[in-house]
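Chemist: Given next are the chains, with one letter for each unit.
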Amino acid sequence: GAVVSQHPSRVICKSGTSVKIECRSLDFQATTMFWYRQFPKQSLMLMATSNEGSKATYEQGVEKDKFLINHASLTLSTLTVTSAHPEDSSFYICSADRGTDTQYFGPGTRLTVL
Amino acid sequence: SQQGEEDPQALSIQEGENATMNCSYKTSINNLQWYRQNSGRGLVHLILIRSNEREKHSGRLRVTLDTSKKSSSLLITASRAADTASYFCATDSDKLIFGTGTRLQVFP
Chain A
1 GAVVSQHPSR VICKSGTSVK IECRSLDFQA TTMFWYRQFP KQSLMLMATS NEGSKATYEQ
61 GVEKDKFLIN HASLTLSTLT VTSAHPEDSS FYICSADRGT DTQYFGPGTR LTVL
Chain B
115 SQQGEEDPQA LSIQEGENAT MNCSYKTSIN NLQWYRQNSG RGLVHLILIR SNEREKHSGR
175 LRVTLDTSKK SSSLLITASR AADTASYFCA TDSDKLIFGT GTRLQVFP
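Read top to bottom, the protein sequences are chains A and B.
Following the working numbering, the numbering of the first sequence begins with 1 at its first residue and continues without gaps.
Following the working numbering, the numbering of the second sequence begins with 115 at its first residue and continues without gaps.
Note that these hints are calculated values from the structure, not bench results.
Honestly, I wouldn't trust all of these hints.
[Said to hold, decoys possible] Pairwise CB distance ranges (calculated): (1) A:13 x B:183: 44 to 54 Å; (2) A:107 x B:195: 15 to 25 Å; (3) B:196 x A:73: 28 to 38 Å; (4) A:57 x B:171: 33 to 43 Å; (5) B:182 x A:112: 42 to 52 Å; (6) A:101 x B:155: 18 to 28 Å.
[As the list claims (entries may be wrong)] In silico SDA-like cross-links for lysine to any residue, where the CA-CA straight-line distance does not exceed 20 Å: (7) B:209 x A:59; (8) A:66 x A:54; (9) A:41 x B:197; (10) A:41 x B:158; (11) A:41 x B:198; (12) B:183 x B:206; (13) A:66 x A:91; (14) A:20 x A:87; (15) A:64 x A:19; (16) B:170 x A:101; (17) B:183 x B:222; (18) B:209 x A:42; (19) B:140 x B:166; (20) B:209 x A:51; (21) B:209 x A:52; (22) B:209 x A:13; (23) B:140 x A:45; (24) A:66 x A:13; (25) A:41 x B:183; (26) A:20 x A:67.
[What the hints assert, rightly or not] With the C-beta cut set under 7 Å, the calculated list includes, among others, these residues of chain B facing chain A: (27) 141; (28) 145; (29) 155; (30) 157; (31) 159; (32) 162; (33) 196; (34) 212; (35) 215.
Idealized CB from N, CA, C, for every residue including glycine.
Take these sequences, add in the hints, and give me the full structure.
Modeler: So this is what it looks like as structure tokens:
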């Protein structure tokens with residue numbers, strides 16, 4: 001149990017376009033989901049905490065108007081990278097909290113902005 | 115930065131040897147967790163140790179925690195080539211803060 005999926009796994013887009021990444025908890029409900037960003041050979045950096053039915057909480061330095069988060073249901077959170085630029089190219093990983101101390105991570109989405 | 119530090123950054127060993135990774139952190143914690151990440155993939159939770167615990171075992175994994183020194187270690191015994199991955203510690207206060215990671219390479 002405790003499976004989290006992400007879609008798409010890879011996406012390539014042109015500069016200036018918007019990209020939506022979905023994070024789903026497949027077999028449990030998650031009131032809280034988290035979005036992380038990981039650059040090559042670096043650690044995960046928390047971008048924002050997504051709470052079902054309320055606004056996301058963004059970490060310092062993360063632009064909320066650029067990284068739009070919607071947690072519309074207890075099993076789905078979406079991250080939209082608006083007006084993407086090459087510097088937004090990264091590995092985006094979500095995780096879901098099922099009420100225990102452990103977060104369950106999705107497989108990640110590799111975004112490449114040309 | 116709140117991010118923890120891990121050392122070594124990279125570790126190469128032969129199969130059968132033990133691998134030890136260390137993690138230091140800066141703030142008080144509720145628990146500390148270790149995760150594994152294969153290249154380009156998501157994270158897999160390995161083990162959680164609470165702030166009032168000093169040592170925990172899970173199969174070939176042994177984790178220690180010293181809250182007075184704000185440090186933890188992960189020991190993988192009798193390593194296998196399949197253990198090749200990056201290993202991250204993450205401290206949990208009200209959110210997970212990940213360490214810088216150790217890239218482990220186990221040669222057959």
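Chemist: Hint by hint, say whether it matches the structure.
Modeler: So, going through the hints one by one against the coordinates:
Between residue 13 (chain A) and residue 183 (chain B) the beta carbon distance is about 46 Å. The supplied range of 44 to 54 Å therefore holds. The given range of 15 to 25 Å is respected by residue 107 (chain A) and residue 195 (chain B), whose C-beta atoms sit roughly 22 Å from each other. In this structure the supplied range 28 to 38 Å holds for residue 196 (chain B) paired with residue 73 (chain A), their Cβ-Cβ distance being about 37 Å. For the pair residue 57 (chain A) and residue 171 (chain B), the beta carbons lie near 35 Å from each other, so the given range of 33 to 43 Å is met.
Checking the proposed 42 to 52 Å range against residue 182 (chain B) and residue 112 (chain A) shows it holds: the Cβ atoms sit about 45 Å from each other. Restraint check, residue 101 (chain A) to residue 155 (chain B): a C-beta distance of roughly 22 Å satisfies the suggested window 18 to 28 Å. For the proposed pair residue 209 (chain B) and residue 59 (chain A), the alpha carbon gap of about 11 Å is at most 20 Å, so the pair holds. Distance check on the hinted pair: residue 66 (chain A) and residue 54 (chain A) sit about 18 Å apart at the alpha-carbon level, within 20 Å; holds.
Using a Cα cut-off of 20 Å, the hinted pair residue 41 (chain A) and residue 197 (chain B) holds, with the two alpha carbons roughly 17 Å apart. A threshold of 20 Å between alpha carbons decides the hint, and for residue 41 (chain A) with residue 158 (chain B) the separation of about 17 Å falls inside it, so the pair holds. For a cut-off of 20 Å, the pair hint linking residue 41 (chain A) to residue 198 (chain B) stands: about 14 Å separates their Cα positions. As the CA atoms of residue 183 (chain B) and residue 206 (chain B) are separated by approximately 16 Å, the hinted pair is consistent with the 20 Å bound.
As the CA atoms of residue 66 (chain A) and residue 91 (chain A) are separated by approximately 16 Å, the hinted pair is consistent with the 20 Å bound. Our distance criterion of 20 Å between C-alpha atoms is met by residue 20 (chain A) and residue 87 (chain A), whose separation comes to about 17 Å. This hinted pair checks out: residue 64 (chain A) and residue 19 (chain A) have alpha carbons roughly 15 Å apart, not beyond 20 Å. Pair hint residue 170 (chain B) plus residue 101 (chain A) holds up; C-alpha atoms about 16 Å apart against a cutoff of 20 Å.
Of the pairs offered as hints, the one joining residue 183 (chain B) and residue 222 (chain B) is violated, with about 35 Å between alpha carbons and a cut-off of 20 Å exceeded. The straight-line distance between the Cα atoms of residue 209 (chain B) and residue 42 (chain A) is roughly 19 Å, inside the 20 Å bound, and the hint therefore holds. Between residue 140 (chain B) and residue 166 (chain B) the CA atoms are separated by roughly 17 Å; this keeps the pair inside 20 Å, and the hint holds. With a C-alpha separation of about 13 Å, the suggested pairing of residue 209 (chain B) with residue 51 (chain A) holds against the 20 Å cut-off.
Using a Cα cut-off of 20 Å, the hinted pair residue 209 (chain B) and residue 52 (chain A) holds, with the two alpha carbons roughly 17 Å apart. Restraint check for residue 209 (chain B) and residue 13 (chain A): not satisfied, since their Cα atoms lie roughly 31 Å apart, outside the 20 Å limit. Proximity of residue 140 (chain B) to residue 45 (chain A) is assessed by CA-CA distance (about 16 Å); at most 20 Å being required, the pair is judged to hold. As the CA atoms of residue 66 (chain A) and residue 13 (chain A) are separated by approximately 16 Å, the hinted pair is consistent with the 20 Å bound.
Only pairs whose Cα atoms come within 20 Å are accepted, and residue 41 (chain A) paired with residue 183 (chain B) is rejected, the gap being roughly 27 Å. Proximity of residue 20 (chain A) to residue 67 (chain A) is assessed by CA-CA distance (about 10 Å); at most 20 Å being required, the pair is judged to hold. With a least beta-carbon distance of about 14 Å to chain A, the hint placing residue 141 (chain B) at the interface is violated under the 7 Å criterion. A hinted interface residue such as residue 145 (chain B) counts as satisfied when its beta carbon comes closer than 7 Å to some beta carbon of chain A; here the least separation is about 6 Å, so the hint holds.
At about 6 Å, the closest approach between the beta carbon of residue 155 (chain B) and any beta carbon in chain A falls short of 7 Å, and the interface hint on this residue holds. The criterion of a C-beta within 7 Å of any C-beta in chain A is met by residue 157 (chain B), whose closest approach is roughly 4 Å, and the hint holds. For residue 159 (chain B), the interface hint holds, since its Cβ comes within 7 Å of a Cβ in chain A; the closest pair sits about 5 Å apart. Taking 7 Å as the C-beta contact cut-off toward chain A, the hint placing residue 162 (chain B) at the interface holds, the least distance being around 6 Å.
Annotation: residue 196 (chain B) was flagged as interfacial toward chain A, and the flag is violated, the nearest CB pair being 18 Å apart, outside 7 Å. Nearest Cβ of chain A to the Cβ of residue 212 (chain B): about 5 Å, under the 7 Å cut. The hint holds. Taking 7 Å as the C-beta contact cut-off toward chain A, the hint placing residue 215 (chain B) at the interface holds, the least distance being around 5 Å.
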